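Novice: Please take these sequences and the hints and turn them into a complete structure.
Protein chains in written order, with our numbering: chain A, 441 to 555; chain B, 244 to 355.
Simulated from the structure, these hints should not be mistaken for laboratory data.
Any given hint could be a false lead.
[Unchecked claim] Here are the simulated BS3-like pairs of lysine-lysine, each with C-alpha atoms no more than 27 Å apart in a straight line:
1) B:Lys342 <-> A:Lys497
2) B:Lys313 <-> B:Lys299
3) A:Lys443 <-> A:Lys493
4) A:Lys493 <-> B:Lys342
5) B:Lys342 <-> A:Lys510
6) B:Lys312 <-> B:Lys299
7) A:Lys497 <-> B:Lys269
8) B:Lys269 <-> B:Lys342
9) A:Lys495 <-> A:Lys458
10) A:Lys497 <-> A:Lys458
11) B:Lys313 <-> B:Lys342
12) A:Lys497 <-> A:Lys510
13) A:Lys497 <-> A:Lys453
14) B:Lys342 <-> A:Lys443
15) A:Lys495 <-> B:Lys269
16) A:Lys443 <-> A:Lys497
17) B:Lys313 <-> A:Lys497
18) A:Lys510 <-> A:Lys443
19) A:Lys511 <-> A:Lys443
20) B:Lys299 <-> B:Lys342
21) B:Lys342 <-> A:Lys511
22) A:Lys493 <-> A:Lys458
23) A:Lys511 <-> A:Lys497
24) A:Lys495 <-> B:Lys342
25) B:Lys312 <-> B:Lys269
26) B:Lys269 <-> B:Lys299
27) A:Lys495 <-> A:Lys510
Bear in mind that the values here come from a model prediction, so they are computed numbers and not experimental data.
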Amino acid sequence: DVKVTQSSRYLVKRTGEKVFLECVQDMDHENMFWYRQDPGLGLRLIYFSYDVKMKEKGDIPEGYSVSREKKERFSLILESASTNQTSMYLCASTRGLAGVGGELFFGEGSRLTVL
Amino acid sequence: SQQGEEDPQALSIQEGENATMNCSYKTSINNLQWYRQNSGRGLVHLILIRSNEREKHSGRLRVTLDTSKKSSSLLITASRAADTASYFCATVATDSWGKLQFGAGTQVVVTP
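Specialist: Take a look at the structure:
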């Protein structure tokens with residue numbers, strides 16, 4: 441069974457802390473994505489990666505960075521967490537291009553609270 | 244910016260009834276996908292319809308696509324309590340390679 445695993449389901453951090461959200465997929469997918477989900481706003485794309493060490497900005501990259509050192513792992517980094525980054529973070533992966541037939545497989549989500 | 248917008252935002256029906264939700268989008272697309280999310284969980288892919296298709300079925304799901312109106316609908320027939328979830332449409336604009344964009348979703352509650 442295909443699997444996307446996010447390391448933490450729930451995190452509580454303080455303003456200014458550095459936060460790492462880890463995502464691992466076991467499907468040998470080329471493309472990986474980080475979204476944040478907020479009520480009434482749906483999912484918004486933060487960053488995506490189409491290959492190891494490659495990354496592309498999504499719609500809301502400010503305040504975030506990413507790392508893709510290995511094909512199976514895509515990390516989201518909040519350099520200095522702020523309260524407006526309190527959200528649900530969803531990682532996803534796909535083999536093909538998302539726009540030409542590649543369905544996304546999602547992890548269970550990481551709910552981050554920044555105090 | 245959101246590419247797709249679902250309507251209605253919320254829907255409450257009884258078991259056995261049909262549930263219909265709509266999605267409108269802004270630009271030309273390659274395909275449109277529908278996803279489902281149970282409360283507090285990740286999203287699960289339901290169905291994909293390509294821009295040259297008008298209708299597609301999968302079990303109790305029926306999806307239509309009208310590219311001239313830039314809209315799609317998802318019909319769930321004979322709904323069950325287990326269909327209670329949020330449903331999202333997602334699109335990739337033809338000029339936005341790889342960036343699957345989601346709407347805000349329709350929250351569906353099916354009561355026994």
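Novice: Would the hint linking B:Lys342 and A:Lys510 be met if the CA-CA limit is 27 Å?
Specialist: 21 Å, holds
Novice: Holds or violated: A:Lys511 and A:Lys497, Cα atoms, limit 27 Å.
Specialist: 18 Å, holds
Novice: For A:Lys443 and A:Lys493, compute the direct alpha-carbon distance and say whether it is at most 27 Å.
Specialist: Between A:Lys443 and A:Lys493 the Cα gap is close to 22 Å, so the pair holds against 27 Å.
Novice: Quickly compare the C-alpha distance for A:Lys495 and A:Lys510 to 27 Å and report which way the hint goes.
Specialist: 13 Å, holds
Novice: Hinted pair, alpha-carbon criterion (27 Å max): A:Lys510, A:Lys443. Please report holds or violated.
Specialist: 16 Å, holds
Novice: Keeping to a limit of 27 Å between CA atoms, is the pair of B:Lys342 and A:Lys511 held or broken?
Specialist: Given pair B:Lys342, A:Lys511 holds - Cα atoms ~19 Å apart, limit 27 Å.
Novice: When you check the alpha-carbon spacing of A:Lys511 and A:Lys443, does it fall within 27 Å?
Specialist: Measuring from Cα to Cα gives roughly 14 Å; hence the hint holds.
Novice: Within 27 Å, alpha carbon to alpha carbon, are B:Lys342 and A:Lys497?
Specialist: The given pair, whose Cα atoms are some 10 Å apart, holds under the 27 Å limit.
Novice: Taking 27 Å as the top limit, are the C-alpha atoms of B:Lys313 and B:Lys299 close enough?
Specialist: 16 Å, holds
Novice: Would the pair B:Lys312 and B:Lys269 pass a check requiring their Cα atoms to be no farther apart than 27 Å?
Specialist: Holds. B:Lys312 to B:Lys269 sits at ~10 Å (cutoff 27 Å).
Novice: When you check the alpha-carbon spacing of A:Lys497 and B:Lys269, does it fall within 27 Å?
Specialist: Given pair A:Lys497, B:Lys269 holds - Cα atoms ~21 Å apart, limit 27 Å.
Novice: Given the hint that A:Lys495 pairs with B:Lys269, test it: the Cα-Cα distance must not exceed 27 Å.
Specialist: Answer holds: A:Lys495 to B:Lys269 is near 26 Å, not above 27 Å.
Of the numbered hints given earlier, the model fails none.
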